[in-house]
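Novice: For reference, the chains in residue letters:
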Amino acid sequence: MALSILYPQGAKSGMPDLDPRILYKLSLDRAFAEVCADIKKREYFLEVTATPVPDRATVEFRQDILKDFYRLSGFFERFASLYAELEELHAQNKDVKKTGFVLNLSGTATASSKKSVLEAQALCLKRTLLCIRSFDILLENYAPCSAGLTVFQKTCREICRHPDFEKMLAFCSKYEYLSASNIRSFRFTLDDACRIEHYELTDNQHIHVTDPDLKQKGLNIFRRTNKEVFPCQRLVLSHPGSAEKYRKLTVEAISDLSGALAAVAKQIFETFSPIYRELDFYFVALQYMRVLSEKNIPFCFPDLSKRGVCIRGLLDPYLCLSVPNPQKVVSNDVEIPENCKGLLIFGNNGSGKTVFLRSFGCAQFLAQAGLPVLAESAEIPLCTQIAAQFSEAEKEFCAGNDAGRFEQEVRELSEMVETLKKGALVLLNETFQSTSYTEGGEALCDLLNYFGNCGIRFVLVSHLHTLEEQCKTDVKILHTAQKYKIV
Amino acid sequence: MKTTPRLLNNRGNAPLPEQLLTDFQAHRLFSAGVLEVLRSPCGEDEILRRQQLFDAFEKSECREKIKDLLSLLTTYRKTLYLPNDAQDVLERWHAEVHIWEEYLQICSALSALSGLCPALDEVARFYGNAEKREFSERLSQNVLEMRELLRTFHQGLLAFWEKNWVTPDNAPCDEFDEFATYAKNLGFSLPAKKKHTARIEPALSQALCALYPDITKQVEEILCQYETVDFREPISYISEFEFFLEIDTLNRKCAEMGIPHCYPKVSQTPLYTVKNLYDVSLLSKNCTNIVPNDGEFTQKDPFFFLTGTNGGGKTSYLRALGLNLILFLSGCPIFAAAANIYPFAYIAAHFPTDERFTQMGRLEEELFRTEEILAQAKEKKAFLFFNETYSSADEQKGFELLLQLCEKIRIAGHFCLYVTHFPGVIQTSFPVLTPQIDEKNNNARTYKIVKTKGSASSYAADILKKYKLDRASLEERQKENGT
Numbered sequence: 000m001a002l003s004i005l006y007p008q009g010a011k012s013g014m015p016d017l018d019p020r021i022l023y024k025l026s027l028d029r030a031f032a033e034v035c036a037d038i039k040k041r042e043y044f045l046e047v048t049a050t051p052v053p054d055r056a057t058v059e060f061r062q063d064i065l066k067d068f069y070r071l072s073g074f075f076e077r078f079a080s081l082y083a084e085l086e087e088l089h090a091q092n093k094d095v096k097k098t099g100f101v102l103n104l105s106g107t108a109t110a111s112s113k114k115s116v117l118e119a120q121a122l123c124l125k126r127t128l129l130c131i132r133s134f135d136i137l138l139e140n141y142a143p144c145s146a147g148l149t150v151f152q153k154t155c156r157e158i159c160r161h162p163d164f165e166k167m168l169a170f171c172s173k174y175e176y177l178s179a180s181n182i183r184s185f186r187f188t189l190d191d192a193c194r195i196e197h198y199e200l201t202d203n204q205h206i207h208v209t210d211p212d213l214k215q216k217g218l219n220i221f222r223r224t225n226k227e228v229f230p231c232q233r234l235v236l237s238h239p240g241s242a243e244k245y246r247k248l249t250v251e252a253i254s255d256l257s258g259a260l261a262a263v264a265k266q267i268f269e270t271f272s273p274i275y276r277e278l279d280f281y282f283v284a285l286q287y288m289r290v291l292s293e294k295n296i297p298f299c300f301p302d303l304s305k306r307g308v309c310i311r312g313l314l315d316p317y318l319c320l321s322v323p324n325p326q327k328v329v330s331n332d333v334e335i336p337e338n339c340k341g342l343l344i345f346g347n348n349g350s351g352k353t354v355f356l357r358s359f360g361c362a363q364f365l366a367q368a369g370l371p372v373l374a375e376s377a378e379i380p381l382c383t384q385i386a387a388q389f390s391e392a393e394k395e396f397c398a399g400n401d402a403g404r405f406e407q408e409v410r411e412l413s414e415m416v417e418t419l420k421k422g423a424l425v426l427l428n429e430t431f432q433s434t435s436y437t438e439g440g441e442a443l444c445d446l447l448n449y450f451g452n453c454g455i456r457f458v459l460v461s462h463l464h465t466l467e468e469q470c471k472t473d474v475k476i477l478h479t480a481q482k483y484k485i486v
Numbered sequence: 000m001k002t003t004p005r006l007l008n009n010r011g012n013a014p015l016p017e018q019l020l021t022d023f024q025a026h027r028l029f030s031a032g033v034l035e036v037l038r039s040p041c042g043e044d045e046i047l048r049r050q051q052l053f054d055a056f057e058k059s060e061c062r063e064k065i066k067d068l069l070s071l072l073t074t075y076r077k078t079l080y081l082p083n084d085a086q087d088v089l090e091r092w093h094a095e096v097h098i099w100e101e102y103l104q105i106c107s108a109l110s111a112l113s114g115l116c117p118a119l120d121e122v123a124r125f126y127g128n129a130e131k132r133e134f135s136e137r138l139s140q141n142v143l144e145m146r147e148l149l150r151t152f153h154q155g156l157l158a159f160w161e162k163n164w165v166t167p168d169n170a171p172c173d174e175f176d177e178f179a180t181y182a183k184n185l186g187f188s189l190p191a192k193k194k195h196t197a198r199i200e201p202a203l204s205q206a207l208c209a210l211y212p213d214i215t216k217q218v219e220e221i222l223c224q225y226e227t228v229d230f231r232e233p234i235s236y237i238s239e240f241e242f243f244l245e246i247d248t249l250n251r252k253c254a255e256m257g258i259p260h261c262y263p264k265v266s267q268t269p270l271y272t273v274k275n276l277y278d279v280s281l282l283s284k285n286c287t288n289i290v291p292n293d294g295e296f297t298q299k300d301p302f303f304f305l306t307g308t309n310g311g312g313k314t315s316y317l318r319a320l321g322l323n324l325i326l327f328l329s330g331c332p333i334f335a336a337a338a339n340i341y342p343f344a345y346i347a348a349h350f351p352t353d354e355r356f357t358q359m360g361r362l363e364e365e366l367f368r369t370e371e372i373l374a375q376a377k378e379k380k381a382f383l384f385f386n387e388t389y390s391s392a393d394e395q396k397g398f399e400l401l402l403q404l405c406e407k408i409r410i411a412g413h414f415c416l417y418v419t420h421f422p423g424v425i426q427t428s429f430p431v432l433t434p435q436i437d438e439k440n441n442n443a444r445t446y447k448i449v450k451t452k453g454s455a456s457s458y459a460a461d462i463l464k465k466y467k468l469d470r471a472s473l474e475e476r477q478k479e480n481g482t
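Listed in order, the protein sequences are those of chains A and B. Quick note on numbering: the first sequence equals residues 0 to 486 in numbering that gives the first Met the number 0. Quick note on numbering: the second sequence equals residues 0 to 482 in numbering that gives the first Met the number 0.
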């Protein structure tokens, strides 16, 4: 089974049907552009973050690994460096396989060309095995305590501390640099129809022959009398095509052996390689933690065990990471008790409502990706789904889109209603602002009631004050105050 | 040892001309092997024997047994060629043992054919007699010994050093196996070792024989015992089984389409009476609605003219009579509800041909062929079929020639069906058959061949109605079109 440092069971799991633009709406992409300049790594990180895991075990699995990497200085760098080496070997292995495949396909394989493939396979496997041993040594030295890295260490240990590991290494060494004399002994097996069923390379050491010609020439007088005589017969390849037949069988025998080496290498890569990509997530995560630390921005790993939300000093990642002086960014506390259906936030334009919503959304995403959140302390329950509806401009004028802005919103929300289940979280920003207050209010009220009754928690930022009266049961209402505070 | 019993015994009757089967379209229904059997009428006793065999084949137990046996025999036929194909002595020895094994299997299957019908019982008895049993026991013992001896040659080591060597296999394992052991212990799985099918090379074969001289000697001694044995003997059953299975398959196909088959009674007096006779050659044209007809050719009425409308099924009726007669004479079931047929000694047919003879014109060729047919049928009980013979001559001349021919046939006492368009035949003393619309089959507008003394008027009105081109249909069509 493939190893993973993102998912404890190896198999990828995440929330289904998530809006791919949701991180864009929360400006998380812009926030992490401030953290990591490597686009490839950042994109993978955002891809993982945009797939929040709904189970606590997976989130804590990641948190623990991240803590190990953060805590053990130099560990991540050396681990990643070894992985880069392993990945290089993986690429080499693919090239060798490709060469072998092309040779077979074109029918141009010769003993010599196949010998080169076998050498390359042996060398690649040997280096791969040594790489696994290096991982074992590294993990033993750093002694990480996270479950994910412990499993990784155990897998390496099972391979490289097995008595046959050294034998396999020695076997690979034997074929690493082949001279012609290494491939001149074979074992053949005939089937019941007298066809050559198997033809495999054999170690020269197993072949013992006593040349009868020497005996005929009288040279046996020099032979010790007690020397063992090994039965053998000369094979005179005088028949046309005979030598060619053995050449072909030799090619096949070498091909068989290199195929066996390739199969083992493939299984090692299948087990270990997926982590190489996953390291990008931890690379960006560590960068993020280091930047926060350098900028003196408070962060913490949220407690996932509580059922209500309680965050002290919540900050917006984009604001904190993009401004020169993040200490000036206003923090807010968020409290949503267990039995509260949702939050309604009202206030004037430019008073910090959207930033508040964004901060909360980001915290939820970061928490469910196993990352620290920008807060002094945080209790964040995991939700099963996350959806966001941010008021946007009308979509492009294109075929099939004949809807106005309101209709677009309704359509979007309708899709949401179709997919959201109990335990989900909905972030709504200025929804139904494009219609009359009364109609928008009533519609939104119905929608919020629906969410509330279905166990879908919501956070709504709105100007529609009528909602304050219409939806006050089991809902927490907040207002903007001076200096961007939400109270 | 007794002669191998056959399923198809022929008395050496003169074969029917190939053209006859072609005229009746048999070549469109049957394979060359079956046609070859159909060309040889087999006589009353053999007809009855074959009918019993066909009857046995209709039981699934028998059919399945024969199918399996046929499959074994077909494989065996290929195996018999292996020694000839062998490039070296070792390969030939293996091939011989292979033949023995399959031979034993086939003998066992043949001896298990008892209880199905007398002819198969005879085969089973032959292959299960004491002499055969003793031979089989000795052979199977030798097969085991040979396999054991040959196994010695099956593994070895080859060294391509300064000189090339073959030695006995002393290696604990080859490199692949060694690596596979390590891989397995470390928890990796490997693909199965690649299997080759390369033929052994003569030099290796010779070297192995020289490496094990004692074994080689023993093998040769065993082989020597069977040098004179004819292992090809069961092969002759292939064509026989194929014949029965092919006819049986056609029977089944016809049965699925509602066409019955029967085993005609073998009449002691010359006659050909049949109820609901089908022209199954129409199946080759994918025709599924085949109309059955009756036939009654007796010593009182051995000769019939068949005349009438085009497309009324005259040629089909002639073909049905001819094809089913050929099937009957080869002991096959015929496609009819019931029949009583005399095993005629000679059958001939004259169908119009292309002017392929450069030396003669068409009429000249027809005269020549009819004379030839009469000459060959002389002093035999023959059934002759004529299809539009002399139609190439003008009406008066043609009719004159027809009357002369019919008179000769009447005098010779042959049975005959003569299809013609000459309207004058109605005025002759010979009975006439003609197609008439089958009133029972309202929608299909099909024809039945019936005995008539009426006029041979054309049935143009019916044909027009059939294709809705009659006046009423056309008027109706006009109304529908609103014109």
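Just so you know, these hints were derived from the structure itself, not from any lab. Even for Gly, the Cβ is constructed at its ideal location relative to N, Cα and C. Any given hint could be a false lead.
[What the hints assert, rightly or not] Counterexamples of contact, computed for chain A against chain B with all Cβ distances above 12 angstroms:
(1) 70
(2) 164
(3) 193
(4) 349
[Said to hold, decoys possible] Okay, derived cross-link-like pairs now, BS3-like style, lysine-lysine, Cα gap no bigger than 27 angstroms in a straight line:
(5) A:24 / A:39
(6) B:183 / A:96
(7) A:114 / B:162
(8) A:97 / B:66
(9) A:247 / B:194
(10) A:114 / A:39
(11) A:24 / A:265
(12) A:265 / B:66
(13) A:66 / A:305
(14) A:247 / B:192
(15) B:66 / B:131
Novice: Does the structure break any of the earlier hints, and which numbers would those be?
Specialist: Hint check: 2, 3, 8, 10, 11 and 12 fail, others pass.
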